[in-house]
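Based on the hints, put chain B in the right spot on chain A.
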Amino acid sequence: MRRLRFLLPVVVLAALIGLLAFGLTRNPHILPSALIGKPAPQFSLPKVAKPEQILTSAAFQGQVSVVNVWASWCVACRAEHAVVSELARRSDAVIFGLNYKDQRPAAMRWLEHFGNPYRAVAFDASGSVAIDWGVTGVPETFIIDANGIVRYKQTGPVTLQVLEQKILPLLKRLQKEAA
Amino acid sequence: MTCLAWVAFAVLSISAAVAQPLPPAQQQHYHKLIEQLRCVVCQNRSIADSDAPLAADLRKLVRRQMVQGRSDAQIKAYLVDRYGTWILYKPPFSPATWLLWLGPAALLVLGLVWALWLWRRTRRRRSPAAPDVEALARILDE
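Going line by line, the protein sequences match chains A and B. Using the numbering used here, read the first sequence as starting at 1 and increasing by one per residue. Using the numbering used here, read the second sequence as starting at 1 and increasing by one per residue.
If we strip away everything but chain A, and leave its shape as in the complex, we get (with noise of 0.2 Å):
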């Protein structure tokens, strides 16, 4: 044991270096949501494409629920939409969007020309609602179980991989939950 101790300073080292490197894999844009395991904040907001009609954190109850936050202007948006509309056709969650900071009429084209999957889309014009859901950029999604609590967050956009390793089983493990 002695004459291994002139080895501790390369142990050290290694160490050091093992928590550096494990550092450097993280990605230091992906913050832990303060939401999780929590209720989902309330809100009260016009849908984009009848704002006489009011969509409210109500709609969550009773099911399980994704939540997609969504501009026109937001590119990577538009190439995540396509997953979004797969999910829709691979799980009977119900799908609502969270419309941010955007134009009415450029949210409705958007929508027009890459389908809607969406049951909703609430219109968050001032992004007022989006700093409650703790939302830092588009896109970001968030599930919600059937108790309204939230209980994953993706901040960017949801890959294919995303949706098939961690979305669709969480999905079906919170509605075999809610059963």
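Heads up, a few of these hints could be off.
[To be verified] Derived lysine to aspartate or glutamate pairs resembling DMTMM-like cross-links, with alpha carbons at most 25 Å apart:
hint, chain 1, residue 1, chain 2, residue 2
1, A, Lys38, B, Asp81
2, B, Lys60, A, Asp132
3, A, Lys38, B, Asp57
4, A, Lys176, A, Glu112
5, B, Lys90, A, Asp132
6, B, Lys76, A, Glu86
7, B, Lys32, B, Asp49
8, B, Lys32, A, Asp132
9, A, Lys101, A, Glu112
10, A, Lys50, A, Asp132
11, A, Lys153, B, Asp57
12, A, Lys101, B, Asp132
13, B, Lys76, B, Asp51
14, A, Lys38, B, Asp72
15, B, Lys32, B, Asp72
16, A, Lys47, A, Glu86
17, A, Lys172, A, Asp92
18, A, Lys101, B, Glu134
19, A, Lys47, A, Glu112
20, A, Lys101, B, Asp81
Since the hints were derived computationally from the structure, they do not count as laboratory data. Computed from a predicted structure; not experimentally measured.
Structure of chain B alone, referenced to chain A:
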């Protein structure tokens, strides 16, 4: 030219009206507060010096809450509820940050203990090995 000046004047007066100026004392306080809040988009900047639209929204929100008379602690709690303690440049002392707050002090103590141990060991070793002055003198005399 006059037309442009009028437009500039109109824009300036509108933006002044939107950003209701705070009294000087509160203004200073406001600047101090927004420098303690981290921008969640460009993460190396405070919301005071970030150009991100979200930082501008957060500045507006802080200002509005200050005008409403809310304390710094209340405003910070409001933001932490939404973005997590990450938004604070000075994270609170909690189990998750014990290592962060106590780590440097612990390392210093550890270093001091190690240095003390090394120092005592070398002293102990040196004393029996100290040159025997009389013996040396004898050798030199011969």
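Results for each hint:
Taking the CA atoms of A/Lys38 and B/Asp81, the gap is near 10 Å; set against the 25 Å cutoff, the hint holds. Restraint check for B/Lys60 and A/Asp132: the C-alpha separation of about 14 Å stays at or below 25 Å, so the hint holds. Of the supplied pair hints, the one linking A/Lys38 and B/Asp57 holds, its CA atoms being roughly 24 Å apart against a limit of 25 Å. For a cut-off of 25 Å, the pair hint linking A/Lys176 to A/Glu112 is broken: about 34 Å separates their Cα positions.
Distance restraint check for B/Lys90 and A/Asp132: the Cα-Cα separation of roughly 22 Å lies within the 25 Å cut-off, and the hinted pair is therefore satisfied. Restraint check for B/Lys76 and A/Glu86: not satisfied, since their Cα atoms lie roughly 39 Å apart, outside the 25 Å limit. For the suggested pair B/Lys32 and B/Asp49, the alpha carbons sit about 12 Å apart, so the restraint of at most 25 Å is met. Under the criterion of a C-alpha separation no larger than 25 Å, the hint pairing B/Lys32 with A/Asp132 is consistent with the structure, at around 23 Å.
Proximity of A/Lys101 to A/Glu112 is assessed by CA-CA distance (about 19 Å); at most 25 Å being required, the pair is judged to hold. With a C-alpha separation of about 23 Å, the suggested pair A/Lys50 and A/Asp132 falls inside the 25 Å cut-off, and the hint holds. In summary, the hint linking A/Lys153 to B/Asp57 is supported, as the alpha carbons are separated by about 22 Å, within the 25 Å threshold. A C-alpha spacing of about 86 Å is found between A/Lys101 and B/Asp132, which places the hinted pair above 25 Å, so the restraint is violated.
For the given pair, B/Lys76 sits about 21 Å from B/Asp51 by alpha-carbon distance, which is consistent with the 25 Å threshold. Taken as a hint, the A/Lys38 and B/Asp72 pair is honoured in the structure, with Cα atoms around 24 Å apart against an allowance of 25 Å. About 10 Å separates the Cα atoms of B/Lys32 and B/Asp72, which keeps this hinted pair within 25 Å; it holds. Restraint check: the Cα-Cα separation between A/Lys47 and A/Glu86 comes to about 23 Å, which is no more than 25 Å; the hinted pair holds.
Distance check on the hinted pair: A/Lys172 and A/Asp92 sit about 9 Å apart at the alpha-carbon level, within 25 Å; holds. For the proposed pair A/Lys101 and B/Glu134, the alpha carbon gap of about 91 Å is over 25 Å, so the pair is violated. Restraint check for A/Lys47 and A/Glu112: satisfied, since their Cα atoms lie roughly 15 Å apart, inside the 25 Å limit. Taken as a hint, the A/Lys101 and B/Asp81 pair is honoured in the structure, with Cα atoms around 22 Å apart against an allowance of 25 Å.
Of the numbered hints listed earlier, those contradicted by the structure are 4, 6, 12 and 18.
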